[in-house]
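Undergrad: Based on the hints, put chain B in the right spot on chain A.
As you go down the protein sequences, you meet chains A and B in turn. First residue of the first sequence? That's 1 in the working numbering, and the numbers climb one at a time after it. First residue of the second sequence? That's 531 in the working numbering, and the numbers climb one at a time after it.
Source of the hints: derived by calculation from the structure; they are not laboratory data. Incorrect hints may have been included.
As the list claims (entries may be wrong) - Derived pair list, reagent style EDC-like, types lysine to aspartate or glutamate, alpha-carbon separation capped at 20 Å:
no.	chain 1	residue 1	chain 2	residue 2
1	B	K1034	A	D445
2	B	K1055	A	E30
3	A	K465	A	D42
4	A	K525	B	E560
5	A	K525	B	E941
6	A	K504	B	D975
7	A	K508	B	D975
8	A	K242	A	D201
9	A	K465	B	E1051
10	B	K1055	A	D40
11	A	K525	B	D570
12	A	K18	A	D69
13	A	K143	A	D201
14	B	K1038	A	D421
15	B	K1055	A	D42
16	A	K72	A	E82
17	A	K504	B	D951
18	A	K242	A	E259
19	A	K508	A	E521
20	B	K1055	A	E411
21	A	K465	A	D40
22	B	K538	B	E899
23	B	K1055	A	E34
24	B	K772	B	E789
Unchecked claim - Listed next, the stretches of chain A that the computed footprint assigns to chain B, with coverage defined by at least 3 CB atoms under 8 Å from CB atoms of chain B:
no.	region
25	420-429
26	437-447
Note that CB positions come from ideal geometry on N, CA and C, so glycine has one too.
Single-letter residue listing:
Number of protein chains: 2
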Amino acid sequence: MTDPRTGKNLTECDSFTKLSSHALVQPSRELTAERVNSCDVDAGGGLRFNYAASCVNDAMLADLEALCDEQKLHDQYQTLYEGGIMNVGEDRLVLHHLLRGRLGSSVSVDGTDIGAFYREQTERVAAFARAVHAGEIVGSTGKQFRTVVQIGIGGSDLGPRALAIALQGYAHTRHGHPRMQADFISNVDPDDAARVLANFDPETTLFVLVSKSGTTQETLTNELFAIELMERYEISGLAPRKHMVAVTSRTSPLAKSSEYLDAFFIDDYIGGRYSGTSPVGGVVLSLAFGPEIFEELLSGAHEADSSATRPFVENAAMIDAAIGVYNRNVLGLPTTAVLPYSNALTRFPAHLQQLDMESNGKRVNRRGEAVSYPTGPVVFGEPGTNGQHSFYQLLHQGTDIIPLQFIGFRESQRGDDISVDGSTSQTKLNANLAAQIGAFAFGQDHENRNRAFPGNRPSTLIYGKQLTPRALGALLAHFENKVMFQGFLWNINSFDQEGVQLGKVLTKNILSGGEVNPAMEAYTKLLGLR
Amino acid sequence: MTDPRTGKNLTECDSFTKLSSHALVQPSRELTAERVNSCDVDAGGGLRFNYAASCVNDAMLADLEALCDEQKLHDQYQTLYEGGIMNVGEDRLVLHHLLRGRLGSSVSVDGTDIGAFYREQTERVAAFARAVHAGEIVGSTGKQFRTVVQIGIGGSDLGPRALAIALQGYAHTRHGHPRMQADFISNVDPDDAARVLANFDPETTLFVLVSKSGTTQETLTNELFAIELMERYEISGLAPRKHMVAVTSRTSPLAKSSEYLDAFFIDDYIGGRYSGTSPVGGVVLSLAFGPEIFEELLSGAHEADSSATRPFVENAAMIDAAIGVYNRNVLGLPTTAVLPYSNALTRFPAHLQQLDMESNGKRVNRRGEAVSYPTGPVVFGEPGTNGQHSFYQLLHQGTDIIPLQFIGFRESQRGDDISVDGSTSQTKLNANLAAQIGAFAFGQDHENRNRAFPGNRPSTLIYGKQLTPRALGALLAHFENKVMFQGFLWNINSFDQEGVQLGKVLTKNILSGGEVNPAMEAYTKLLGLR
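For reference, chain A alone in the conformation it holds in the complex (with noise of 0.2 Å):
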């Protein structure tokens, strides 16, 4: 097993050394259709993965393999999923891949076997939302439950409130209609809960309580915002937390409660942002759209996360991951942008956000060393085709370079559409879609300057069939795995979030009235808490 603790920073690696010496590739000198059809590798679950238009060409492509060698990309994902300790700050292992199906052998702590612990968790979610569909499980006053309400923040909330949005659409074609409808609540604004609660019915709606600590300040408060405003309604028989389901870790004070419908457990292996497919995801998405489309979702990203052991050519998340370290640290572009063409991941790329930006925000090594080199980018996005009428002015002709990363799909989920001059609405959106490529690679010349566009902005393209759960199980692992291979390549930690720490301890000390410093607490007088 690779040890951590013994990795070479990126600036160490001679093959670095050879890829700075590279000149910038320009895309539009290099895009060719056989460029397309060649630089184009399966990604799993039925999605594709074309670099066409990025900026590396074979001789670097060639040079990235070998930096990836060098790091070891290949020896530190097997030891990840064969139970190292990837997590060395936390000296914790790294195990959301077992989630989806094993690779390699099977994971034991303390004698326990980790993979039969998540399958028997994952069973008992499909098993509990079986029973609540059927009318088995029902409220305290005897109703069945119609709506399930997730209150949990940052991986608890931005993951599974992705997916849901992501698949309202196919479980709408598959089933006429979701199973239950599924909301959110997560900031401790308390204009959040009340919104989500305004006009909720307290006999049929399911609360779905998450976090891994149980002791996150947010969602602690809003629980007992959910059965205070359930407790208003006065309605003879109803016992809040039987409506009520906690996902937590078998430690935690959740965990211990018997007032709870039930709960469903997780483990430290598995970090928040990295838990869509642990049922910090699956019982929201179980009860919304049935056990057998969260399967799906999984077995989409299982088949991603074995494309990830392949060989570098033939690895779409390792060539996604070079390409993106080419980009930070040869060509020195600070920000990438994610563009879905599919409305339904409207909100994938504020997962992909914390996803990257939590993982890889770091500037520090493995072995506690600050690193000379920039490190995890700003991530933002918006689906196209809105963001071409938004901030796709920038990326055409601002004076920065914003490395893309465009998904798309060659059908639409609902199957509902309508042809307006001669072409349907899906082949609008992936006309729109394949322009886009074209015109940031190619640019156009023009004796206005104020109408020329200077071209050679590289993207990349993710692509499939349909956005079903396989291919969005696929794309939410293929990006969990090229953020891994990043932080490998850079010699960090994408597996912990100290910086998250010292918010929270200002913050209680505001609020329990313990010392702050004077500047500070003139912030507090001007917000109106002193």
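TA: Just chain B now, with coordinates in the frame of chain A:
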């Protein structure tokens, strides 16, 4: 009047050369309670702008004032609202301020008083909304309209949608519930319209079609999609276009049709991303919440517009703009995060992303020459506290410094709150906000470098009592004016968007079977088009 064609480039300004000689000020070194209280200016509409935690000290602020003087910001603003041709590329006036109230003299074009025209349209919108609410204007089968669905994209979507979401909680408190449900269709992706219209009632739904040119591909396609979905119900007497009003320019194809229930007009002097306070936002907001709420929004915006005429040291929008240019052009920081501690502002960052990046994502000055310095930054953001559990990791401990724009309010919108552990959720929300400003400024030493925070990460704060329509209008206008002033400082045209054109042309080529670059042709095949 100032002629924008005679403007100087930023790097031609003596005061900019002087500014560039300043060393980086570390917020932690400067940030005292006295500074928090003194670096605090009125922004109009009951809002205040606090720049104590920015990178700018008194000496630099004086130099920034000199820069704003040298670039004649007050004169340029006056020229703009007095009707100068400030959109030089398109040879147009820029008159969105006139929608909210009159600054300076009246503006006439070809003998028409433009202010009177705008007021007339606003009054027509208000009268229409009142008649719909009163049941005097009803659907074609005689039923009262209950739902309003806006069909528009870009500026016809992001601003109005962000404002509608932001006012939901306020309207809920004021009226018990909004007057009408509001939803939005924007994307040409057929799944967008299919989702919104999955279970709609064609008899009680009123569509607002928004396209200034009357030729926007996405909007016209979605209009026909909505009509087809209405016709599928086969309701006797149902006349789909009598369930539609148009918001467009007087010369557009939409304006010429008598088929619509009604039409409201804007003109070429209102850019899409600046049109939230025109009928583009006014129709849907007046229908959803009542014209009196929209009037309050306009008056808040006008207060902010008026405050932007003040001397530099009392001018929130100008100071904000100047600090942004310092961050971008002196410190070389390429991104800005907008972080509202108000869940009602969930989609406000997406609007600002368009406003800022489409306005100032330009590489050519107002004389049509390439500029040698960076212009508009990448703008992104999500509400706090959600972001704290997501991308804040990178903001705190990443390798790059991201300037932050915080937004906060002393009171929640709905007033529905809960006290847990001795504090309300609203208090917790703002304790988090104050703690974050402190954490970013001061950081924290730690012997374990992984738990150390470098601090000295600059921020500003816009705050007020409550997110009322008046405060929301002021917030909208503050950022519009900030972006405008930055455009003046950079000597670029913030009011055109030539960068969106190339993609449109290439899309048309693909759809019409015209000649297309072979690589782009290869992409269309991957995406299932040919």
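Undergrad: Compare the structure with each hint and give your call.
TA: Now for the hints, and whether the structure bears them out:
1. K1034/B - D445/A: holds (16 Å)
2. K1055/B - E30/A: holds (19 Å)
3. K465/A - D42/A: Measuring from Cα to Cα gives roughly 13 Å; hence the hint holds.
4. K525/A - E560/B: Roughly 19 Å separates the two Cα atoms, so the pair holds.
5. K525/A - E941/B: holds (13 Å)
6. K504/A - D975/B: holds (16 Å)
7. K508/A - D975/B: Satisfied, since the Cα-Cα distance of roughly 19 Å is no more than 20 Å.
8. K242/A - D201/A: holds (14 Å)
9. K465/A - E1051/B: Judged against 20 Å, a Cα distance of about 18 Å means the pair holds.
10. K1055/B - D40/A: The hint holds at about 13 Å.
11. K525/A - D570/B: Distance of about 13 Å is within 20 Å: holds.
12. K18/A - D69/A: holds (14 Å)
13. K143/A - D201/A: Given that 20 Å is the threshold and the Cα spacing comes to 11 Å, the pair holds.
14. K1038/B - D421/A: Between K1038/B and D421/A the Cα gap is close to 11 Å, so the pair holds against 20 Å.
15. K1055/B - D42/A: holds (16 Å)
16. K72/A - E82/A: Distance ~15 Å between K72/A and E82/A Cα, so the pair holds.
17. K504/A - D951/B: holds (15 Å)
18. K242/A - E259/A: This hinted pair holds, its Cα atoms lying about 7 Å apart.
19. K508/A - E521/A: holds (13 Å)
20. K1055/B - E411/A: Since the Cα atoms of K1055/B and E411/A sit roughly 13 Å apart, the hinted pair holds (cutoff 20 Å).
21. K465/A - D40/A: Measuring from Cα to Cα gives roughly 15 Å; hence the hint holds.
22. K538/B - E899/B: OK: K538/B and E899/B at ~11 Å, within 20 Å.
23. K1055/B - E34/A: holds (13 Å)
24. K772/B - E789/B: Distance ~7 Å between K772/B and E789/B Cα, so the pair holds.
25. 420-429: Since three or more residues must qualify, the claim that chain B covers the region 420-429 of chain A holds, with 10 doing so at under 8 Å.
26. 437-447: Per the Cβ count (7), the hint holds.
Comparing the model with each numbered hint stated earlier shows that all of them hold.
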